[in-house]
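Participant: Respectively, the protein sequence lines represent chains A and B.
For the first sequence, the working numbering assigns the number 26 to the initial residue and increments by one for each residue that follows.
For the second sequence, the working numbering assigns the number 61 to the initial residue and increments by one for each residue that follows.
Since the hints were derived computationally from the structure, they do not count as laboratory data.
Only a predicted model underlies this, so the values are computations on that prediction, with no experimental measurement involved.
For every residue, glycine included, the Cβ atom is placed at its ideal position computed from N, Cα and C.
Honestly, I wouldn't trust all of these hints.
[What the hints assert, rightly or not] These stretches of chain B come out as covered by chain A in the derived footprint (C-beta under 8 Å, 3 or more residues): (1) 173-185; (2) 211-223; (3) 256-263; (4) 340-347; (5) 354-366.
[To be verified] Derived coverage of chain A by chain B (criterion: at least 3 residues anywhere in the stretch with Cβ under 8 Å from a Cβ of chain B; other residues may be distant): (6) 356-370; (7) 373-380.
[Claimed, not checked] The calculated BS3-like cross-link candidates involving lysine-lysine, where the alpha carbons are at most 30 Å apart (straight line), are: (8) 331/B - 454/A; (9) 335/A - 208/B; (10) 477/B - 335/A; (11) 454/A - 350/B; (12) 477/B - 319/A; (13) 475/B - 335/A; (14) 305/B - 335/A.
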Amino acid sequence: MRRTAYAAVCCASLALDAAAADTVIKNARIVTVSGTVIERGSVVISGAKIAAIGADVATPAGATVIDATGKTVYPGLIDGLTTIGLVEIGQGAAGTVDTTETGDVNPHAKAWVALQPHSDLIPVARANGLTAVLSAPAGGLISGQSALIRLAGSTPDALVVKTPIAMHMVFPTGRPVVDFATAFTQEPELKTLEERLRERKRNQDKELGRLKNLLEEAKAYGAALDAAKTGKAAPKPDLPMEALAPAARGELPVVLRADAEDDIRAAVKFADERGLKLVIAGGLEAWRCAELLKQKNVAVLTNVERLPRKDSDPYDAPYANPAALYKAGVRFAIVSDDASQVRNLPFEAAMARAYGLPADAAIRAITLSPAEIFGVAARMGSLEVGKDANLFVATGDIMDHRSQVTQVFIDGVPQSLETRHTRLYEEFKGRP
Amino acid sequence: MKRSLIAALTFALTPWLSAQTTAITGGTIITVGAQGVIEKGTVLIRDGKIVAVGKDVQVPAGAVVIDASGRYVIPGIIDAHSHTAVDGSVNEGSDSVTAEVRVRDVIDNGDINIYRELAGGVTTINVLHGSANTIGGQNAVLKLRWGKSPEEMVFKEAPKGIKFALGENVKRSNFTIPGQQRRYPATRMGVEVVLRDAFSEARAYKAEWDAYDKAVKALPAKADKPAAPRRNLRMETLKEILEGKIDVHAHCYRADEILMLIRVADEFGFKIRTFQHVLEGYKVATEIAKHGAGGSTFSDWWAYKMEAHDAIPYNAAIMASHGVVVSLNSDSNELARRLYWEAAKAVKYGNVSEAEALKMVTLNPAIQLRVDKRVGSLEVGKDADVAIFSAHPFAPDTRVEMTLVDGNVLFDRAKDKGSREKVPAAAGGGQ
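Next up, chain A with everything else stripped away, as it sits in the complex (with noise of 0.2 Å):
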């Protein structure tokens, strides 16, 4: 299996190498995303970028062309919140897995320097329309530090769009942790609904003064550091809160995990007071407090595709989240936060369509919205002269499960749609 794996890799490298001629997509359906749709048009990728896009554009002499009469063509999707690149086998293969550092507070885990590039979940993902996505560690209290990459690339370094994009953490709920050493074999302590909540505050404000020291400390070591380059004593080495500095200062984006509304709100809250630069993930019941989240300008990253969180709750309310937070005005972008399942991001902007969400408004939730919580829109994330050709052509909506994409271009490049399931396929599909 590897050896095919690395069989398949080595004609990606041979693409790579190969100076890329104009390419011109003919009598596509245009999706551009940032602009309105085009039915019958021409997209000419020159070199990495777009050079253009119109219904009537001229081929330019030499280029290779692509008739896509009764196709579309998308920018290349952004997957908002994956671990793709630090995980193979989620379960049973702890060496393949590298998303959670020990200890609760890694800011200097940093998820670019351990990326695979020659994870079989990089091809599966891309197969289906994703050329981008966020690679971000998970877990603990201060997780680490998120990447934007493409999903190309011999070399991790050649995967890399931009470091970092945001630290990220989980926002101390305060609700008891299941433990499995106990769990199978001790009772549970009968407490009554007003014990728990005091315990649940008790240990909420607890992580979040832990949490908030960390913020004032990081604050306080980058000061130091900044005295440092005027002449001042440096201080000692302190690698984490040397990483800490940028989110504590708010300059760089943090990406608080919270699924519940009380949640949300505190870490709105906690990130106000402070001047965080905030961005929620997870996002389970933002559609209860959307205004909030508008006015204090703080983008969602969410998946649809969940159950509801309280058995009261309407059924559809994950469904129809987006449309509540499109409506409200918030900032978002939908997201798979998975890695396997990252091909199933179009499909979870269906499920937010079908529960409210315009069409155009769920394609640029998974394209141009999260490439501009990001900062990266300028590059990337709608079809437009001048931005990194990444796109790709789909035989019909690619919200709808039945499509089938055929061409793939990520910086210009044509990617093969060859994934270890296609081998796989192939091999046992006429197997007597």
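Use these hints to put chain B onto chain A, whose structure you have.
Facilitator: What follows is chain B alone, placed relative to chain A:
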């Protein structure tokens, strides 16, 4: 389990109807039966059964009419692998053979996921024991008769079934349970041994009982009976498997373990009804088809553990093309709500026709659970289990608008939304 206020309110508005005639009119009916697709057709329901399906069906006076104009009407979706409505733990994980325990004894009829699944068009689920054990407990096939008692939810006509499991979960290779000793088996070799061991014992148990039954039969009418062998509930269940009275639903991943189970079953003379998950089924599809087993798989889950590393989304297509009856299941309260899109993925991966793909979440699981005489398609004489969609069930903006079980409207999106107005905390939650 507290029930959703909204769901409860909705339910309060939908009394159970017994002798009532209902007509679903004007919609595109995908019958999944011999009648194929009917444009602007009518499904006529009386006493919970379908009494007519077609284009020119007379709607009797007094019938309740559900206008499905512009909508798609399909048979209720069937999930062949569910753990919904199990009260408490799904695994009797203390031993690797626990054939004696029964899911039907622990049905939580108030599980809100029942209602949520109705809202995804699901009407029948196969509630299985967990996969901790080589031979787990017995299943319960349920009709999602929301509001009814656990006993009334049980699909009485469904034959008994049992869960087997192979591979990593049974070996417990991915976790240890603190306080519990390492359990046999710890290898796939050991899993085979557990099976052969159990069925060897069961065969001897059966021989003992067969001899006793024969002896009793041979006795004169009023003669004293000899002492019966000691009854053992675990062996009793395995004996019924050997007699073909209980269907085996076997959780499995890798090709080797699938072949192993086929050989063990052949040796002991019983059949595997379905291979569940069966993510490498595509590698041994011929062998599965030859054994006569069905395959109930995920559309595209993969890489979440080692034994899912070779899982491919073409699995359903390859198994089907080799003659295996294939269903797509959820194994998840969340995924169960969108099985119609799981079916659509079979079109994407392997070019399964739309008609065959829809069968994978309707008629095929019905066949696998041997309830296809009752459910799985919209045909005269079958139960009126129906899902009404706003658009083609595979379309990117489709939504379930209404779900009927035995002719009763148990989910109605319009009513559900209306109910939200009465629950301030829920307002604004849906669109």
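Participant: It remains to establish, for every hint, whether it holds in the given structure.
Facilitator: So, going through the hints one by one against the coordinates:
no.: 1; hint: 173-185; result: holds (count 4)
no.: 2; hint: 211-223; result: violated (count 0)
no.: 3; hint: 256-263; result: violated (count 0)
no.: 4; hint: 340-347; result: holds (count 4)
no.: 5; hint: 354-366; result: holds (count 7)
no.: 6; hint: 356-370; result: holds (count 5)
no.: 7; hint: 373-380; result: holds (count 5)
no.: 8; hint: 331/B - 454/A; result: holds, 25 Å
no.: 9; hint: 335/A - 208/B; result: holds, 22 Å
no.: 10; hint: 477/B - 335/A; result: holds, 17 Å
no.: 11; hint: 454/A - 350/B; result: holds, 17 Å
no.: 12; hint: 477/B - 319/A; result: holds, 25 Å
no.: 13; hint: 475/B - 335/A; result: holds, 20 Å
no.: 14; hint: 305/B - 335/A; result: violated, 41 Å
Hints 2, 3, 14 from the earlier list are contradicted by this structure; the remaining hints agree with it.
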